[in-house]
Every structure is written in C-alpha cells, then in structure tokens.
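2 protein chains.
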Amino acid sequence: MDGYKGMLIVISGPSGVGKSTICKSLIEKKLNNVELSVSATTRKQRISEVDGISYYFKSEHEFQEMIYRNEFLEYAKVYDNYYGTPKQHVIDKLVKGINVILEIDTHGAMQVKSNYEKGVFIFIMPPCFNILKTRILKRGTESKGDIKKRLESAFGEIHEIINYDYIVVNDDVDKAVDKIVCILNAESCRTNRYKIDFTEFKEEFYD
Amino acid sequence: MDGYKGMLIVISGPSGVGKSTICKSLIEKKLNNVELSVSATTRKQRISEVDGISYYFKSEHEFQEMIYRNEFLEYAKVYDNYYGTPKQHVIDKLVKGINVILEIDTHGAMQVKSNYEKGVFIFIMPPCFNILKTRILKRGTESKGDIKKRLESAFGEIHEIINYDYIVVNDDVDKAVDKIVCILNAESCRTNRYKIDFTEFKEEFYD
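Residue numbers (our numbering), protein chains in the order written: chain A, 1 to 207; chain B, 208 to 414.
In case anyone wonders, no lab produced these hints; they're calculated from the structure. It is possible that some hints are incorrect.
Unchecked claim - Here are the computed lysine-lysine pairs in the DSSO-like style, where the Cα-Cα straight-line distance is at most 27 angstroms:
#1 K356(B) / K231(B)
#2 K118(A) / K87(A)
#3 K382(B) / K118(A)
#4 K237(B) / K29(A)
#5 K30(A) / K236(B)
#6 K113(A) / K325(B)
#7 K5(A) / K382(B)
#8 K175(A) / K325(B)
#9 K325(B) / K118(A)
#10 K303(B) / K237(B)
#11 K175(A) / K237(B)
Claimed, not checked - Pair ranges (Cβ atoms, derived):
#12 K138(A) / I338(B): 49 to 59 angstroms
#13 S54(A) / G304(B): 40 to 50 angstroms
#14 S48(A) / N240(B): 42 to 52 angstroms
#15 H366(B) / N115(A): 26 to 36 angstroms
#16 I131(A) / K294(B): 40 to 50 angstroms
#17 S48(A) / G363(B): 54 to 64 angstroms
#18 I27(A) / S227(B): 33 to 43 angstroms
#19 G156(A) / V302(B): 28 to 38 angstroms
#20 D379(B) / I27(A): 26 to 36 angstroms
#21 N240(B) / N70(A): 40 to 50 angstroms
#22 S232(B) / S48(A): 43 to 53 angstroms
#23 E117(A) / N240(B): 28 to 38 angstroms
#24 R193(A) / S261(B): 32 to 42 angstroms
#25 S232(B) / R46(A): 48 to 58 angstroms
Cβ coordinates follow ideal geometry from the N, Cα and C atoms, glycine included.
One chain only, chain A, in its complex shape (with noise of 0.2 angstroms):
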C-alpha cells in the first residue's frame, strides 16, 4: 500500500469528544477532495442507521469471514461488538486521489499506521475530560455500565496520543474543522509526498 495520490486520515479521540459532527461537517463543506469510509460492524443498527451509509452492518459470522479472507485495513473488537474497515473500498478512493476519512479508534489507528505510514493521524482531544463526562452522560443511549466503560475507555484513548501527528482541540466545532482543512493543505504540501522531475528543469535550464 503505497504511492496512491490521495491520502489516508485516521480521525480518533475518545468517545463523546465530537469526532462524527466534525467528520460530518468536513464532508459537507466538500473541501480538499474528502470523503468518509464506510466501516463494516457487528453492532446493532439504530433507528436512525441506513446500512451501507452508517456501516456495513454484519453477523458476527459474516465479520470473522472477512478477518478470515484478509479484507479489512484495520479491525477492533470495541465493547462487545466488531468493527472494521474494507481494505478494497479505500484503495479504489485512493487510487483516483480521493483522501479517504477513517473514524476509528485507537486500537484500529495503529493498525492502519503499521500498514501505512504515509496516514495522517489526527486525534480530537476534548478541551477539558468534564465535558466529555457530560456529553457522554447527556446521549443517554447506554446503559449505566456501557457509560462507565466509555468512560474509562475515553481516559485510556487520551493517553495514545503521542502516536497520532497532529491533536486538535475541539472546544468548537467550526474551528476544529477549519484546522483539519489547514491540516490537509499542508499535508499536500509536505515534500515526501512530492514527485519532482528534475529532468524537466534540467532541459529548461540549458535551452
């Protein structure tokens, strides 16, 4: 996996800190060619799911097969569900330069930066972990011990970041955003992801 004219990003943070709403809003204002991959999970769809948008909703058979056949980039078992994502989905995006968008957690992240380097990792920190306590607590979807286990599991997230690149604070939204299309920008700028062709100086030097 290497050489393709889009870019990987791998978009983590703990649970709560907002890491959809950004990705969200990155996809809509259709800046710097993204678009989102759509993971593959054994986790049961909510109401407001359409399968093959949110995920690649599976039976837990259907997921090992795929471990099984090498199809994903990346997977993770998160609480008591898989989730993964389709190898073959993102290197078709990247071929034709499209930068392919993955929310995933920690576990996964590292697992797609053993495969491929040239990711740009991002990790969305909360501006203070209260606040990530009271979105986590205000979703109200979870039971008691599934909110103790987010939580949890959000305090060990934060302590993975020395492996991401770049940790952007969402204390708003918009200017979260905005730095991540900074962050684009200037990753596209970055000279090891440049193909220079000297040759084509050296004849315009000495015509």
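Keeping the supplied structure of chain A fixed, place chain B upon it in accordance with the hints.
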C-alpha cells in the same frame, strides 16, 4: 535551543522565485503572530534598503567578529558576500511566542536544521524553471556574470528540497501565502509541539 513557545520558520527557494514577496505578504496579513528575522550582511546596501529593517549592514571585519563570538544562528558566503542570522534576536522572539521567519538560502537552512530540528522548513518552488530565468533576467540589477551565477545556483538549490518539510509552488502569490498560513496552523497542532497535563484529566476523571 529548545522548548520555545514560538516556531522558527525557515523559507528558502531559488533566487527569483518570489520568496521576499511571499514573506512580505505573510507579515502584512498579521496572522499566526509572525515576524521576519532581520539578517546581517556585508553586501552593498541598495538605494531602496534601510539599515536595521532590510538588513543589518556590516563591514567584513564586523561580520568576522560576530562569527568569532558565535553570534550567528547560521551564516554563509553567497557569491562574494556574507549573510547571517543574529542568534539572540531570534531567541528573544521565540521566547515571547512570536513565530520567526528566516528567509535564507539552502546552506544557511541546513545549518539551522542541525541546530534546531523543531524548525519548520519550507521550500518555495517555481512552477517551471523558465519563469525563474525570466524573473532573474528582468530584475536587471546584476551583471551578466552575476545572472549566470544566480541561474546555476537556483538550479542547484532545487536539488536540496529533499531536506525541507514542505514544498510550496509559487504559481500565485496569494495562494502560496495561504498555503504557508495553513502550514503554520497545522504545525501548531503537531503532537510534538504539545505539552499535555494528564494530571488535570485524571483529577477530573475521578471527580
């Protein structure tokens, strides 16, 4: 030299590529808290230039004394003149959180890099070499010999880009400046520039 609040931004590129115009426009935008570092030089003052603003104009003897006292962050002999960046001026600004721009040649840039890896190294490229030739010829302030030297040097410098973090193609000054603004915004989000207080998060978590 480490741990300053401000960023040290090194901008290089072949003669005639438009570095000065870009830097001037960047300063005028008053974004990113940037200031241009003023170099010392032994070259002859041009009519339009002001001592202490354009450059610190020095005699060769004065310049040699400064080298001897290790007062330069970098210095180089380019054509027949010395150019150098007085160290203390830069440090004073970085400590205050000012982002300092050094507009210097590739030799100087590599000296800075060996002293201060945390610098942001940006190389300005022409969209094609012919444009560079035309710009240098149009300038008309130098002799034929000087022009030849500049052209050869420009061609040589383009090979140094591999040592820079970013390449900004100057096909349009405003766009080039916007890209640099983005690079600075992105750099300020880089994980290695952050100091995170985990204790604060921990206290909130167990609150």
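Hints, verified against the model:
| no. | hint | result |
| --- | --- | --- |
| 1 | K356(B) / K231(B) | holds, 25 angstroms |
| 2 | K118(A) / K87(A) | holds, 16 angstroms |
| 3 | K382(B) / K118(A) | holds, 25 angstroms |
| 4 | K237(B) / K29(A) | holds, 26 angstroms |
| 5 | K30(A) / K236(B) | holds, 26 angstroms |
| 6 | K113(A) / K325(B) | holds, 23 angstroms |
| 7 | K5(A) / K382(B) | holds, 21 angstroms |
| 8 | K175(A) / K325(B) | holds, 25 angstroms |
| 9 | K325(B) / K118(A) | holds, 20 angstroms |
| 10 | K303(B) / K237(B) | holds, 16 angstroms |
| 11 | K175(A) / K237(B) | holds, 19 angstroms |
| 12 | K138(A) / I338(B): 49 to 59 angstroms | holds, 57 angstroms |
| 13 | S54(A) / G304(B): 40 to 50 angstroms | holds, 43 angstroms |
| 14 | S48(A) / N240(B): 42 to 52 angstroms | holds, 43 angstroms |
| 15 | H366(B) / N115(A): 26 to 36 angstroms | holds, 32 angstroms |
| 16 | I131(A) / K294(B): 40 to 50 angstroms | holds, 42 angstroms |
| 17 | S48(A) / G363(B): 54 to 64 angstroms | holds, 60 angstroms |
| 18 | I27(A) / S227(B): 33 to 43 angstroms | holds, 39 angstroms |
| 19 | G156(A) / V302(B): 28 to 38 angstroms | holds, 36 angstroms |
| 20 | D379(B) / I27(A): 26 to 36 angstroms | holds, 27 angstroms |
| 21 | N240(B) / N70(A): 40 to 50 angstroms | holds, 49 angstroms |
| 22 | S232(B) / S48(A): 43 to 53 angstroms | holds, 47 angstroms |
| 23 | E117(A) / N240(B): 28 to 38 angstroms | holds, 32 angstroms |
| 24 | R193(A) / S261(B): 32 to 42 angstroms | holds, 35 angstroms |
| 25 | S232(B) / R46(A): 48 to 58 angstroms | holds, 49 angstroms |
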